[in-house]
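> For the protein sequence lines, the chains are A, B, C and D, in the order given.
For the first sequence, our numbering gives the first residue as 1, with consecutive numbering after it.
For the second sequence, our numbering gives the first residue as 130, with consecutive numbering after it.
For the third sequence, our numbering gives the first residue as 538, with consecutive numbering after it.
For the fourth sequence, our numbering gives the first residue as 696, with consecutive numbering after it.
The reader is advised that the hints may include incorrect statements.
As the list claims (entries may be wrong) - Below, a sample of chain D positions facing chain B; criterion: calculated Cβ distance under 10 angstroms:
#1 VAL840
#2 GLU914
#3 ILE915
#4 ARG980
#5 ARG985
#6 ARG987
Unchecked claim - Within a straight-line C-alpha distance of at most 25 angstroms, the following computed BS3-like cross-link-like pairs (lysine-lysine) qualify:
#7 B:LYS210 - A:LYS29
#8 B:LYS438 - C:LYS550
#9 A:LYS34 - B:LYS294
#10 B:LYS309 - A:LYS19
#11 B:LYS449 - B:LYS210
#12 C:LYS550 - B:LYS175
Hints listed in this document are in silico derivations from the structure and should not be mistaken for laboratory results.
Using N, Cα and C, we set each Cβ at its ideal position, and we do this for glycine too.
Residues per chain are reported as follows:
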Amino acid sequence: MKTKLGAFFPELLRHLFKKPATIKYPFEKLPIPKDFRGTPVFHSDKCIGCMICIRDCPAEAIEIIKVSDTTISSDGLEKPKKKFKMLLHNDRCIHCAQCVDSCPTQTYTMNTDYEIVAFDRHKLKIEYL
Amino acid sequence: MAEFRVPIGPQHPALKEPISIRMTLEGEVIKDADLKLGYNHRGLEKLAEERNYIQNLYLTERICGICSHSHATCYCQGVEKLMELEPTRRGLYIRTLVAELERIHSHLLWLGIAGHEAGFDTFFMYTWRDREVVMDILEIISGNRVHYSINTFGGARRDIDDLQKQKILDGLKILKDRTKYYLNIGVTEPTFIARLAGVGKISKERAVALCAVGPTIRASGVSRDVRKDDPYAVYDELPFEVCTADTCDVLGRAVVRIKELMESYKMCEYLVKNLPSGEIKVKAPRRVKEAEVISRYEAPRGENIHYIKSNGTDKPERLKVRAPTLANYAATIEMLKNGFVADIPLIFAAIDPCICCAERLIELVDARTGEEKIILSSDLRKWSIEYYNKKTNCSSLRAKSSEIIWPL
Amino acid sequence: MNDEKIINSIRDKLQTKILDLTNPAPRRIYLKVNPKDLLDTIRYLRDTFNFTHLATISGLDKGDNFEILYHFANEFTVLTVRILTPRLDPKIPSICEVIPGAILYERELLDMFGIIVENIPDPRSLLLPDGWPQGIYPLRKDWKYERPPEIIPDKGNK
Amino acid sequence: MAIVKTLLYLFVYPGLIFLFIYSTFCEWFDRKIYARLQNRIGPLHTGRAGILQPIADFIKLLSKEDIVPEKADKWIFSALPIFGLAIVTTTAMFLPVWHFSTSQISFNSFSGDLIVVAYLLTLPTLIFFLAGWHSTNLFSTLGGVRVLTMLFGYEVPLLLAVLSPAILADSWRLAEIAKFYQTHLVLLLPNIIGFFVALVSLQAKLERVPFDIPHAETEIVGGTFTEYSGKKLAFFRLMADIEMVVGAGFIASVFMAGFPGGVIFGFVNFIIKTLVIIFLLAIMRALFSRMRIDQMVNFSWRYLAPLAVLQLLIAIILKGILL
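Input sequences plus hints: build the corresponding full structure.
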């Protein structure tokens, strides 16, 4: 194989006057793609309590708790529909969005939060009512 | 010159993951090497037996961070066969596209690592910068950069629209130019070549006998590639060639990988341009009848094999995973013998190790007695807390701690 | 060379040694033999059909027996040789003399199932830590991993 | 008063404090150039454009836990960084930048100081070897052995390369060599081979890519510095930085006609010329991959040493013709 001493030299000099490729992360951020999987969001009005999300969640990060047997709808009337709340253990969540896929009633959506670091794991629990 | 033993790992700057190799050296020459695994054994095969098929999909994806798609696809196509499910063609195309993009990102990563291990950080920086392009493409398609989670039983989870197609083609164009540059100019740098050529030799016969896989065996002149031998997904429709080299050394492995990059670009362009219309997935059943299946997949590092046995419930009876790196260890030991200390990281990196294999361990060597023992991480943590408590007490009692000697 | 040819020639050659020979899917052949015939079978397969590549060895806990599967591959097909060994006295011959690359898989089998591999060149533990108790094999079905309770440390209480 | 002057001379300018500031600046410059060549930004956040980053690194290392291995000889282990620092700062005194004339013989400019500087620049290598040897770590020992093996490779070419300008100038005194070339600028050209040989040797002396074999992190962890931490490592790093400045100044005074123009212009000259050399060293660092120890020794005896001898021949012949 032919060799050439200092083969990278032209490339190096070219880069000396080129804008660095580094993105100064906390100051500038990349655009978030269309299908980005951030943190799951729970819409309690749609939940029917089938618990399929708990069965399918690979990280066991979801807890669904029954709050009451009736729901107050937007027009102020009480309906005989069970109301559930969801407790998301975001410290365990792997952001796979399987809950979105599994849910038969589209109760879940994914938001675009990705800066979810915390010093305390307790603070990572999210309660959706 | 006297023989002495040098431990490489479990913690070593050249290794990105824990593995222990004991080297017996004579001067700078390696006389013998011995391997110890299990520093990162996560008991994944046992865990898989306690989880249902959908949960396991994400579990297998987390076997490895670099080739996450390979394990998930391998598992997924195995389970699809068990379910007797025919995935949609559009789904398969998207799956294959992600697989090839992953190969590109893995090979570019490897090139960078090879440069870094050889002390050529400029090459490392350039290839990793270029790798960002393909990472961005993967992010556009799947929504995430590392764990794409594009697979589901019966197809793919995300669709590709025209805008994304255009972005993929644009990115591939940039990458093609850069890879050509590396192939034509990058590997003519004599100091770099001198580190790669003739290092880590393994003959064709030995490589076959030791069951090496992937670019390792292809660089020894054996065209073993699951994509051709046992076509899965849509590889039987794709135009590509199996790249081989016959130099049997690290340079050959690098050349094989760069050529495979070119093949992958070709395949990706074909896949994007010929993407069939239709649904991306079909609905999958939850339970699987009793059967067994062997699923093979050509990961960037080599052949990946999953053996899945079902028992009629929604959980597998047994999931056996063999990652390509394990298959290459035997060959690596062979390569290391009679090499130089300076070549250890290169030889080891040349198989592109991805150490995906319950309890974490730390090895301690007592400096006074020379005694070696392996302890559990929980014990080490206890020790360290005691040590620091003792130390802070000391320094609060006496102004000058006896542990710190400093002549100023 | 296709599956049918391989199956026919295996039938002709091995005859009574075959306990079971199936071909459930294209490019997948399953062959069941007795442990004592294992080495001869593998040698025959290697020399005639170029089954030099041992993809992996899988162990399977079937209650009273352990099933060991040797997955071989050549350019055309995957052939799985299957043997059974009793749980109370699990012994299999080592195939390292025929396939040198089998050593790591056999050591893994030794660690994970406690199957004694006879004539293995290197019987040391490969994956399990040094202090792992004797007689406990993680991948046997009677061993269950008990998950320790998850303790999330409070802030300030390190 | 003379004592105060000497103390100022030793500790403030051009002694420790000046060298500390200038060498950290040079490290920043080197890192910035290296980063830009690799299409990165380099140090950014500490100070303007990260200019204080090397000082921040130094202070951070000072505050880190300082560990001495149980089996190591504690006194030698701790004293080595100080010795090293003392040696390179002493060497800096001999550079013909600081206020002295060529006519006068003083304690830091005398006939033969060229040899003294070359000798003093060898000592840090020995310090590195002793540091590796006294750490009693396998990797450190390996690194120490590599340091010595390399020393035999590059020391001879470096000495031969700096000899030829001295022969042409007919002096063994740095200030006089510089003075000679200031009046005969054309004569710098015949020394161009020697300049590059010296540059490569200096790179090897500074143990930077492609010659960072003694502390190649992917092979032998930290090499000679594996067991060093905290303050001691900080001093070693400062020592390496100062060595870079001194080495660059040494080459500049021999091959680049020194630093003419009195106190202020001479000083500006010094800064510019050392930065040019450091720039060249940074390019070299980005351009090549690390060599193996056998390749390095092979390279220096097969190419560097003959080139240095050739340079010597050119100098001798030229001297016969011209003078």
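> Does the structure break any of the earlier hints, and which numbers would those be?
7, 8 and 12
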